[in-house]
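Asker: The listed protein sequences derive, respectively, from chains R and A. Take the first sequence: its position 294, counting from 1, is numbered 294 in our numbering, and each next residue is one higher. Take the second sequence: its position 45, counting from 1, is numbered 45 in our numbering, and each next residue is one higher.
Hint data in this document are derived by calculation from the structure and do not stem from the laboratory. Don't take every hint at face value.
[Stated by the list, open to error] Between beta-carbon pairs, the in silico distance windows are:
id, chain 1, residue 1, chain 2, residue 2, range
1, A, K266, R, P107, 29 to 37 Å
2, A, N101, R, E201, 37 to 45 Å
3, R, T139, A, G307, 49 to 57 Å
4, R, M61, A, G36, 50 to 58 Å
5, A, G21, R, G19, 49 to 57 Å
6, R, E205, A, S175, 22 to 30 Å
7, A, S175, R, E201, 39 to 47 Å
[As the list claims (entries may be wrong)] With a cut-off of at most 20 Å between alpha-carbon atoms, the simulated SDA-like pairs for lysine to any residue come out as follows:
id, chain 1, residue 1, chain 2, residue 2
8, R, K9, R, A84
9, A, K142, R, H279
10, R, K53, R, I66
11, A, K266, R, E205
12, A, K261, R, G269
13, A, K115, A, E44
Everything numeric in this text was worked out from a predicted model, so none of it was measured. All C-beta atoms in this analysis are idealised placements derived from N, C-alpha and C, irrespective of residue type, glycine included.
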Amino acid sequence: MEKSLLEVKDLNLHYVVFGGSLKVLDGVNFRVGFKENIGIVGETGCGKTTTMKAIMRILGMTTAKISKGEILFKERDVLKMNEAEVQKFRRREISMIFQDPTAALNPVFSIKSQIYNVIKYSQGTEKKLTKKERKDLATKALSDVMLPDPERVLENYPIQLSGGMRQRVCIAMALLSDLDLLIADEPGTSLDVTIQDQILELLNELVRKKGISIILISHALGIIKNITHRTYVMYAGFMIEAAKTTELFSNPLHPYSKGLIASVPTLVGRGISNGIPGHIPNYSNPPLGCRFHPRCSYTMPICKVEKPPFLTVSDTHQVACWLFKKEGDKIGK
Amino acid sequence: MENSNILTIKNLKKYFFTQKGIVKAVNDIDISIKEGEILGLVGESGSGKTTVAYTVVGLYSPTSGEIIFRNQNIGNEGKNRSIKLKQEIQIVFQDPGTSLNPARNIYQILEVPLKVHGIKNRDKKIKELLQTVEIPEDYIHKYPQMIGGGERQMISIARALASNPSLLILDEPTSALDVSIQAKIINMLLQLQKNFNLSYLFITHDLSLMRNIASTVSIMYLGKICESAKCKEFFEKPLHPYTQMLLSSIPVLTDAEEDIKPKKVKSIGEIPSPVNIPSGCSFHSRCSKKMDICSKEDPIMAEISAGHFVRCHLFKQIEL
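Isolated chain R (complex conformation):
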């Protein structure tokens, strides 16, 4: 098997809250190869962002407890790193773009001071940049993301920029260091469709040019289809299906993936499906067995008792559902 850049193995995480705990992640497994674009789809509250924050180690560790699992980045366990190593990891190897660029930028500092901070942080203590070098670097980063008149943008405050421009600034900041993995958490959701189109095209191009991997989180399935090579479908804290993106959309196997894909309104106008009944379970008391069984129309007795394993259907397609268990199948990862 080819080497992975990032491998998340059986990640279990719960939040400690007043009066109990929320068992949010329940055995998340996925991998990202070198120069691979990965998509993760799922409903609000299924744990996508929590997983990404766990990878970045930016979860509030007083409430979020990881009870089990490994996050291997280039074969080092991120969870076992000490603070200094994590700092270095974050500034050199991984970066994240958030959903809402308005909330990601500090409104009381100019773009210049925010970018300079990132430059200072990503360079670390080893190298001291002159003022001119620093400015050149910032201007270049901004012109790389197709911002017109970068010198002026540097002097601006976030409020003086439009939503699309703010997101471009965030992308520029994320790509300042020579990283290996970019996590984009719904980068276009808060933007208009024409702006979203521009941003994603830009992101796709930059990622290809720099030869880095990207994890794209979105619930707009069309975006995932255009950009990613492989896609994972997540539901209530675990991966329920993984496949090559084209295969997943043409031939979804899991009942949840089917329902999700059918819910997307189409331009051809076939009408709207009924959606998926019910909603994401309450994490303080999640259903036993397969967490999807209360909403599933194919529920079998085994679904209520035992969590389905990740079954390999073909080389490029895996699914966690008892429907696809064949006689004599070996239960593996």
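Could you slot chain A onto chain R? The hints should help.
Answerer: Same frame as chain R, now just chain A:
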């Protein structure tokens, strides 16, 4: 005419006077909705869609122009609208998290419109309302933050339906929700429309959604309508460059959809500030088919074929 218009908007203008200048949020638009029809009003943020909604519902009074509801001009009344009219026109807001009072439970929320409109048998009516939107009856003691986003939006819809309206204005009712929940709400809205013979003014930025539910689609850009046509024709023969740009930027899932999309038009630029609208055609700064005349003269609406209106210099010649 068998199908008379429930709502006709003529030359509606709504300007806001600010320190920086006049914001022409809605600048001379014409819309008509037939009885029992769904009109989709689509546009980017800042195009003035919500201002249209608020003006129709009476939250803003128009700067000029007419709003005619069943042969009655209601434009000038603004906030002083009669209770009878308020009963007929209701609105569902975009974000159910902020449009429901967090300090009231569902019963109290649904009781308000019934009290205002003097409807008797409130207990029974509230139960009926919850039944129509398929929410269990024991929810009446819950508070908005205890229920999911989809359910909250259902409650907003129930609240709007409480006064038995005939025109419902839906201001992006599903844009804050997941697709699976969106599907459920849209289906319910379509069902309600049939059962109660409602008309909808559906405001959204999601064109693929409109393809499936609207009877007529209008595109708005910087306070003006660019193109308006029957749904099927709109998607099969989009004419305005802006419509083509919008349609080609929609990310789609299947090849069949890819075929229907117009050839890739590169999206350029962003919507300009409504304080500083470009001269001539307001879209010329982003248009791929710009001509000299575009920056000088504002095109007028032309009817290209029956019911298909385009406001673009490219189509001036073929006017009927």
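Asker: Now tell me if each hint is right for this structure.
Answerer: Comparing the hints with the structure gives:
1. Between K266/A and P107/R the Cβ separation comes to about 32 Å, which falls inside the hinted range of 29 to 37 Å.
2. In this structure the supplied range 37 to 45 Å holds for N101/A paired with E201/R, their Cβ-Cβ distance being about 42 Å.
3. Here the CB-CB span from T139/R to G307/A is close to 51 Å, well matched to the stated 49 to 57 Å.
4. Taking 50 to 58 Å as the suggested C-beta distance range, the pair M61/R and G36/A conforms, at roughly 57 Å.
5. A C-beta distance of roughly 54 Å is found between G21/A and G19/R, which places it inside the suggested range of 49 to 57 Å.
6. Between E205/R and S175/A the CB atoms are about 28 Å apart, so this pair conforms to the stated range of 22 to 30 Å.
7. The hinted range of 39 to 47 Å is not satisfied by S175/A and E201/R, whose Cβ atoms lie roughly 22 Å apart.
8. Distance restraint check for K9/R and A84/R: the Cα-Cα separation of roughly 24 Å exceeds the 20 Å cut-off, and the hinted pair is therefore not satisfied.
9. A distance of roughly 17 Å separates the Cα atoms of K142/A and H279/R; the hinted pair therefore holds under the 20 Å criterion.
10. A threshold of 20 Å between alpha carbons decides the hint, and for K53/R with I66/R the separation of about 12 Å falls inside it, so the pair holds.
11. The straight-line distance between the Cα atoms of K266/A and E205/R is roughly 15 Å, inside the 20 Å bound, and the hint therefore holds.
12. Distance check on the hinted pair: K261/A and G269/R sit about 13 Å apart at the alpha-carbon level, within 20 Å; holds.
13. Using a Cα cut-off of 20 Å, the hinted pair K115/A and E44/A is violated, with the two alpha carbons roughly 37 Å apart.
In summary, the structure is inconsistent with hints 7, 8 and 13 from the numbered list given earlier, while agreeing with the others.
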